Amino acid sequence: MEATSTPRVTCTYLNSYVGKNVMVVGKVVTLRGDEAVIDADGNITAHLNREAHLSAGSGVQIIGKVNPDLSIKVLSSLDLGTSVDYSLANAVVEVTHQHKSVFAYD
Amino acid sequence: MANYGGGSGGGGYARTTTYGTQGGDDGGGFVGGSQQGSQGGQGGSKYDNDSLRPVTIKQLVDSKEDYPGGDLKIDGLGVTQITLVGQVRAINAQTTNITYRIDDGTGVTDVKKWVDAGAGGDDDESAGGASKGFALDTYVRIFGRLTTFNSKKHVGAHFIRAIDDFNEVNYHLLEAAYVHLALIKGPQAGGDGSATGGGAGDDSMFVDGGYGGGAATTGTGGAGGGSAVPSRVSACSRNAQNFYKFLSESVGGGEGVQLNAIVAGTGLSAREVLTAADELLGTGLIYTTIDDETWAILDY
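Listed in order, the protein sequences are those of chains Y and H. Straight run, no breaks: the first sequence in the numbering used here ends on number 106. Straight run, no breaks: the second sequence in the numbering used here ends on number 300.
Next comes chain Y alone, as it looks inside the complex (with noise of 0.2 Å):
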């Protein structure tokens, strides 16, 4: 079952997650050919696939795993449009990693 779970990250979690797989919540801060740059309580580098489709400006969430220099491989992304509350999403991760036991394998 772990291998499904994705937990769910900011920008400061990340170096405890190098190899495995991770669920951000952002706001795409620049868009350049397949690179992207994520606001998630911190700006993270994302490696797009072919299949996603962002605008800068308006959030996104994407599934993806985390390379040893901190960007993230993205293997999904969903577009959230405008009006995500990111102070919400950054406070959910918080919470996901107070209560482990609701939301994450060890």
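A few of these clues could be false.
Said to hold, decoys possible - Quick list of in silico lysine to aspartate or glutamate cross-link-like pairs, EDC-like style, CA-CA up to 16 Å:
1. LYS100/Y <-> ASP62/H
2. LYS20/Y <-> ASP69/Y
3. LYS73/Y <-> ASP34/Y
4. LYS100/Y <-> ASP165/H
5. LYS27/Y <-> ASP41/Y
6. LYS185/H <-> GLU279/H
As the list claims (entries may be wrong) - Chain H is nowhere near these chain Y residues, computed Cβ spacing over 10 Å in every case:
7. SER16
8. ASP39
9. THR45
10. GLY57
11. LEU70
12. LYS73
Read the hints as simulated data drawn from the structure, not as lab findings. Keep in mind the model is a prediction, meaning the values are calculated, not measured. Using N, Cα and C, we set each Cβ at its ideal position, and we do this for glycine too.
Start from chain Y and add chain H according to the hints.
Same frame as chain Y, now just chain H:
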């Protein structure tokens, strides 16, 4: 009540303890009582636990039944009606049902929606036009019932709808965490005995009555300890609170109370008692006496 207060203290306490803890341990009360009782009552009492509970998929995956064929439990409370939120990862449409594979980041589960051939009606999925249901990777909210089939858990969906506002996903996760915390730590309330909820209300009433009678005649030490109990363990889990309460009401607490006696007295499982003991040991509220499975209250 008057009998307990005025009569020989020890016997009175021991008996009220039995009644009290069984009443206070809500949900688990019947388990301690008798199994045929819980089975016989299943048809009638099934709807008692039918409150809708927000959950994460990990909680569903982790849920366990006390005995084969029993109700699945999360945080010690039986779950039937649930609501969950997740992304559709796979759709398997058949003539009688559609099975969705739902992923919410904490795990993956199968959700089965039976196709109602007669109603071409107002469900979101049929209104969406396609009989195949939702597009892949869209977020959906599911209302349903957690069931097991061939010892495999799945959710039987009553209703599924697409989520328009992504914030609902985060809202749901917070709500699931809130409900989880309310169940394991008890609802937030004032520090005293009434804090532990409805069932425990009777419990604390008995105990206070007993101690009150004692205080009026002789011992004030017991009364002092009794009223101090809830505030000292108010930060602990519900199991730990029941454990502590049982310990404080036991006669001859100096020698400590053995694991089996606590299991019998509180209606908790041995594992739950051990977990609660660890928690109370960690906070320095109890200590082990003659062996590792006998505990007494650390009074200071």
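Quick rundown of the hints versus the structure:
no., hint, verdict
1, LYS100/Y <-> ASP62/H, "12 Å, holds"
2, LYS20/Y <-> ASP69/Y, "13 Å, holds"
3, LYS73/Y <-> ASP34/Y, "10 Å, holds"
4, LYS100/Y <-> ASP165/H, "25 Å, violated"
5, LYS27/Y <-> ASP41/Y, "10 Å, holds"
6, LYS185/H <-> GLU279/H, "12 Å, holds"
7, SER16, "16 Å, holds"
8, ASP39, "16 Å, holds"
9, THR45, "21 Å, holds"
10, GLY57, "15 Å, holds"
11, LEU70, "20 Å, holds"
12, LYS73, "17 Å, holds"
In terms of the numbered hints stated before, the structure departs from hint 4 and from no other.
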